[in-house]
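J.: Chain by chain, the residues run as shown.
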Amino acid sequence: MRSLINRLAPLLAAIASCLAMPGGAGAQEPLRVFAAASLKNALDAVAAGFTQASGTQVALSYGATSTLARQIENGAPADVFVSADEDWMDYLEQRQALKAASRRGIVGNALVLIAPTGAAARLTVTPGLDWLALLGPGGRLAIADPRAVPAGKYARAALEKLGAWAALEPRLVRTENVRVALQFVARAEVPFGIVYASDQHAEQRTLTVATFDAGLHPRIVYPAAVIATSRHAKSGDFVETLQSGKARDIFLSLGFQPLPSWNKAAPE
Amino acid sequence: MTGLLQPLSEGEWTIILLSLKVALVATLASLPFGIAVAYVLSRKRFAGLWLIDALVHLPLVLPPVVTGYALLMLFGRKGALGQALESCCGVVFAFRWSGAALAAAVMAFPLLVRAIRLSFDAIDVRLEEASATLGAGPFWRFLTVTLPLAWPGILGGIIIGFAKSLGEFGATITFVASIPGETETLPLAIYAQTQIPGGEAVAFRLTMVAVVIAFAAIAASQLLRDYTKRGHSLP
Numbered sequence: 001m002r003s004l005i006n007r008l009a010p011l012l013a014a015i016a017s018c019l020a021m022p023g024g025a026g027a028q029e030p031l032r033v034f035a036a037a038s039l040k041n042a043l044d045a046v047a048a049g050f051t052q053a054s055g056t057q058v059a060l061s062y063g064a065t066s067t068l069a070r071q072i073e074n075g076a077p078a079d080v081f082v083s084a085d086e087d088w089m090d091y092l093e094q095r096q097a098l099k100a101a102s103r104r105g106i107v108g109n110a111l112v113l114i115a116p117t118g119a120a121a122r123l124t125v126t127p128g129l130d131w132l133a134l135l136g137p138g139g140r141l142a143i144a145d146p147r148a149v150p151a152g153k154y155a156r157a158a159l160e161k162l163g164a165w166a167a168l169e170p171r172l173v174r175t176e177n178v179r180v181a182l183q184f185v186a187r188a189e190v191p192f193g194i195v196y197a198s199d200q201h202a203e204q205r206t207l208t209v210a211t212f213d214a215g216l217h218p219r220i221v222y223p224a225a226v227i228a229t230s231r232h233a234k235s236g237d238f239v240e241t242l243q244s245g246k247a248r249d250i251f252l253s254l255g256f257q258p259l260p261s262w263n264k265a266a267p268e
Numbered sequence: 269m270t271g272l273l274q275p276l277s278e279g280e281w282t283i284i285l286l287s288l289k290v291a292l293v294a295t296l297a298s299l300p301f302g303i304a305v306a307y308v309l310s311r312k313r314f315a316g317l318w319l320i321d322a323l324v325h326l327p328l329v330l331p332p333v334v335t336g337y338a339l340l341m342l343f344g345r346k347g348a349l350g351q352a353l354e355s356c357c358g359v360v361f362a363f364r365w366s367g368a369a370l371a372a373a374v375m376a377f378p379l380l381v382r383a384i385r386l387s388f389d390a391i392d393v394r395l396e397e398a399s400a401t402l403g404a405g406p407f408w409r410f411l412t413v414t415l416p417l418a419w420p421g422i423l424g425g426i427i428i429g430f431a432k433s434l435g436e437f438g439a440t441i442t443f444v445a446s447i448p449g450e451t452e453t454l455p456l457a458i459y460a461q462t463q464i465p466g467g468e469a470v471a472f473r474l475t476m477v478a479v480v481i482a483f484a485a486i487a488a489s490q491l492l493r494d495y496t497k498r499g500h501s502l503p
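Protein sequences, first through last, are from chains A and B. In case it helps, the working numbering puts the first sequence at residues 1 to 268. In case it helps, the working numbering puts the second sequence at residues 269 to 503.
Source of the hints: derived by calculation from the structure; they are not laboratory data. Everything numeric in this text was worked out from a predicted model, so none of it was measured. Cβ atoms here follow ideal geometry from the backbone N, Cα and C, with glycine treated the same way. Please note that the accuracy of each hint is not assured.
[Unchecked claim] From chain B, some residues computed to sit far from chain A (all C-beta separations above 12 Å):
| id | residue |
| --- | --- |
| 1 | Trp318 |
| 2 | Ile320 |
| 3 | Val329 |
| 4 | Arg382 |
| 5 | Val393 |
| 6 | Pro406 |
| 7 | Phe410 |
| 8 | Glu450 |
[As the list claims (entries may be wrong)] Heads up, incomplete: computed chain A residues facing chain B, CB under 10 Å, no partners named:
| id | residue |
| --- | --- |
| 9 | Asp44 |
| 10 | Thr67 |
| 11 | Ala69 |
| 12 | Arg70 |
| 13 | Trp88 |
| 14 | Leu123 |
| 15 | Arg140 |
| 16 | Thr175 |
| 17 | Phe184 |
Just chain A, same shape as in the assembly (with noise of 0.2 Å):
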């Protein structure tokens, strides 16, 4: 019964800790991360190399850019956000829920069009590309939600300069998030789909058809931010290991783009 006792000891007094948490400096903490999910792969590398350095674990937690604005919105015990759009940030800016001046332009990414594996050929996407003959009868194009999701705005913006979006609306399927449309494709439920370089990366069942030119789109900016109710020592050091070169390398290993900051020396 004692020996019971002194091994549940430390998981008991963990629970405590947890229960007593809010207020204190808690070095032992977790700096807790919210991110959109589709950095699920760099963060979870990034993470692992700065508890190595710096011996604080990190708790990620990943979902929609959306959901998880809200939830800090509505007080979510969040040290750092990494948001997929820009939109996002700016809403919890505007809500006074970020940290000031702690916002950072993390890494970029690039809109593809894709199809399943060996299903197309590559192609050049210009004005006057026939969208519906290269559906054909029936086929749909996967995008993410264009009203709600990051990836599906960029879409809708990329085939409006195009000057195809009215003859594609109805052709649309939208999805409640990106890596669905990805699904589609790889499943080959539809002939092609939009989507983000980094998530065509991760589907070896997909090909990149081709690249959205960077000018058609707002720019595709991952920023991060520290939580203004944060009082994690650490949340500053991890939004400047998420700038480091060490980073970088990852992201672009996994298919994301460098941002024209990135030209400066960066962080280390």
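Following the hints, put chain B in place on chain A, whose structure we already have.
T.: Just chain B, lined up with the frame of chain A:
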């Protein structure tokens, strides 16, 4: 929140009418199967019965996303059943409103069957036997004795199936995505609005509509039940 009291827009009406169509079709199309399965589960005893029972209840246990993904693999354009149905009968579920109805029907099926089965269980078998002594065959017996006696349970099954169909989200969005006018039902539209900065007002309006429909469905079932309790029979 100024937009709360405006009349519903055309886009919102589309969503509401589509939701009603999907839920009605899902409920009515699965009703005959629901009655048959409930009858088998209630009256028949054979070796593999537990398997049918378990299969029927599977959508209740599995995460809806899994059910939706299974539907995509089975009934998608590249799915085994999806391809067979398309080539033999021209029926396509993928990214159509019929796919949303299929997803809703599958998710609501366990609830529908449960309600109907309970009322079959409660019927005094001697009433059926009595009608047999008066010369009624099995099918006629089922139609004129069993079914009318089970009516309250069947009605309950319809209501709960309809309600579940109306609220189905996970399986639908996984199987047929969210296409306005085709597969974007009330829950999908409400979810999409909560994902847009400033979309709360529209989300709230649509939620109110869902609440009104739910109350109307419950009220209708109460009226029907009272009507039949007073001794009226239904056609």
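J.: All hints are to be evaluated individually against the structure, with a verdict given for each.
T.: Results for each hint:
| no. | hint | result |
| --- | --- | --- |
| 1 | Trp318 | holds (33 Å) |
| 2 | Ile320 | holds (29 Å) |
| 3 | Val329 | holds (23 Å) |
| 4 | Arg382 | holds (30 Å) |
| 5 | Val393 | holds (49 Å) |
| 6 | Pro406 | holds (44 Å) |
| 7 | Phe410 | holds (41 Å) |
| 8 | Glu450 | violated (9 Å) |
| 9 | Asp44 | violated (22 Å) |
| 10 | Thr67 | holds (7 Å) |
| 11 | Ala69 | holds (8 Å) |
| 12 | Arg70 | holds (7 Å) |
| 13 | Trp88 | holds (7 Å) |
| 14 | Leu123 | violated (23 Å) |
| 15 | Arg140 | holds (6 Å) |
| 16 | Thr175 | holds (5 Å) |
| 17 | Phe184 | holds (7 Å) |
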